[in-house]
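Engineer: Construct the complete structure from the given sequences, taking the supplied hints into account.
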Amino acid sequence: MISIPTWFIYALLGAIFAAFSTIFAKIGLQGLNSITVTTLRSIIMAIIVFIIFMLEIKNIDTLFNLSNKDYIFIILSALFGAFSWIAFFYALKIGEASNVSIVDKSSLLFVILLSILILNEKITIQKAIASILMFIALLLLVI
1 MISIPTWFIY ALLGAIFAAF STIFAKIGLQ GLNSITVTTL RSIIMAIIVF
51 IIFMLEIKNI DTLFNLSNKD YIFIILSALF GAFSWIAFFY ALKIGEASNV
101 SIVDKSSLLF VILLSILILN EKITIQKAIA SILMFIALLL LVI
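Take the sequence shown: its letter number 140 is residue 140 in our numbering, and every next letter is one higher.
The reader is advised that the hints may include incorrect statements.
[Unchecked claim] Computed spacing ranges between beta-carbons, pair by pair:
#1 I136 x K69: 37 to 43 angstroms
#2 N65 x L139: 45 to 51 angstroms
#3 F135 x I16: 21 to 27 angstroms
#4 M54 x V111: 26 to 32 angstroms
#5 N65 x S3: 30 to 36 angstroms
What the hints contain is simulated information worked out from the structure, not anything from laboratory work.
Yeah, the Cβ is synthetic: ideal placement off N, Cα and C, and Gly gets one too.
Structural biologist: Here it is in structure tokens:
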């Protein structure tokens, strides 16, 4: 029997949820400003995450035990995440969901590159081949 790593299951669930999120957002964007949709989505997501956080009482202490470095990187992640959502929802408003999503997923190429440069992760032959195929897919979209 094949053993599937837990991280893979959660990553796959995240991808499935993101796919539904994109489809529902594309439908919801009709007739609305992309910033309005992004704002409302962010508020709803914050409420859901906060409820889940509050259900896990053990996590409350961690808010007060973070270092300045932790706060800086959390803030940077939030800033870039917000800019990412704003750009994505604007692109989704004016483009086809399938094309926008393919380009959006090119972030994987940037993650691989940055993980090598910043996190000193090693690139495997599988990652290299997958990256090349993803790059080719992007080229096919714009040619």
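Engineer: Does each hint hold? Answer for all of them.
Structural biologist: A quick look at each hint next to the structure:
Hint check: I136 to K69, Cβ distance near 38 angstroms, so the stated range 37 to 43 angstroms holds. Between N65 and L139 the Cβ separation comes to about 47 angstroms, which falls inside the hinted range of 45 to 51 angstroms. Checked against the given bound of 21 to 27 angstroms, the beta carbons of F135 and I16, roughly 24 angstroms apart, stay inside it. At about 31 angstroms, the beta-carbon gap between M54 and V111 stays in the expected band of 26 to 32 angstroms.
In this structure the supplied range 30 to 36 angstroms holds for N65 paired with S3, their Cβ-Cβ distance being about 35 angstroms.
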